[in-house]
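Chemist: Sequence:
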Amino acid sequence: MTETDAMAADWPAMSIADAHTLLTTAPDSPFEMAEEVVRGVKLRVWKNAPSSLRELFELGRAHGDLDYLVFEDERVTYETHYRAVARLAHDLISRGVGKGDRVAIVMRNYPEWSIAFWATVVVGAVSVPLNAWLTGPELEYGLADSGSKVAIVDGERGERIRDHLAALNELKSLIVVRPGGPLPDGAVLWDD
Numbered sequence: 005m006t007e008t009d010a011m012a013a014d015w016p017a018m019s020i021a022d023a024h025t026l027l028t029t030a031p032d033s034p035f036e037m038a039e040e041v042v043r044g045v046k047l048r049v050w051k052n053a054p055s056s057l058r059e060l061f062e063l064g065r066a067h068g069d070l071d072y073l074v075f076e077d078e079r080v081t082y083e084t085h086y087r088a089v090a091r092l093a094h095d096l097i098s099r100g101v102g103k104g105d106r107v108a109i110v111m112r113n114y115p116e117w118s119i120a121f122w123a124t125v126v127v128g129a130v131s132v133p134l135n136a137w138l139t140g141p142e143l144e145y146g147l148a149d150s151g152s153k154v155a156i157v158d159g160e161r162g163e164r165i166r167d168h169l170a171a172l173n174e175l176k177s178l179i180v181v182r183p184g185g186p187l188p189d190g191a192v193l194w195d196d
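Note that this note's numbering has the sequence shown beginning at 5, numbered continuously upward.
Accuracy of the hints is not assured; some may be wrong.
Straight line, CA to CA, 30 Å or less: simulated DSS-like cross-link-like pairs of lysine-lysine [what the hints assert, rightly or not]: (1) K103 - K51; (2) K103 - K176; (3) K46 - K103.
Here are the simulated distance ranges between beta carbons [said to hold, decoys possible]: (4) L193 - H24: 48 to 58 Å; (5) D149 - A66: 34 to 44 Å; (6) H24 - W137: 37 to 47 Å; (7) G68 - R112: 26 to 36 Å; (8) W50 - P186: 46 to 56 Å; (9) L193 - R48: 38 to 48 Å; (10) E160 - L63: 28 to 38 Å.
Just so you know, these hints were derived from the structure itself, not from any lab.
Yeah, the Cβ is synthetic: ideal placement off N, Cα and C, and Gly gets one too.
The whole structure should be built from the sequences, with the hints applied where relevant.
Modeler: Pasting the structure below:
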């Protein structure tokens with residue numbers, strides 16, 4: 005019998021049920037479960053989980069200079085990401101965005117997408133991710149239907165929505181990242 009055959013004979017090391025029990029019942033394990041009353045309903049919850057998305061975001065800062073995002077030849081560390089989120093969150097607050105307001109994010113998978121999402125979470129607003137493949141009329145509908153107060157878009161989506169901005173009465177700010185040309189009237193450049 006080869007070493008590989010011997011290892012295969014012992015596979016799996018434990019059953020899924022045993023692994024589940026070990027992960028969810030061992031004291032102080034990352035996935036330890038507990039019962040809590042949430043809004044009047046008794047639920048099983050992860051005892052050691054962050055209590056909010058904001059708390060989860062804050063935990064990432066402990067990784068400092070490690071890479072958080074890699075996009076083509078760009079690298080963004082946890083600390084750089086954290087600082088960019090803080091700057092954008094401050095900008096959103098200065099634009100009147102607060103708890104419960106909607107902020108649309110309409111761009112391809114640039115690093116700024118993550119920054120926009122977390123900045124929205126940090127200020128207590130609601131992130132409204134819209135598909136980057138939507139046409140101008142579809143973007144107009146999505147922005148109007150969601151009641152977005154601010155939209156953060158990349159240059160291509162900015163061009164796509166340009167002719168539809170006049171119909172978006174609730175949209176107070178359009179922030180454009182990585183523009184490929186002139187900004188739509190009234191839009192501002194993402195300044196990071």
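Chemist: Tell me the numbers of any earlier hints that the structure contravenes, in ascending order.
Modeler: Violated: none.
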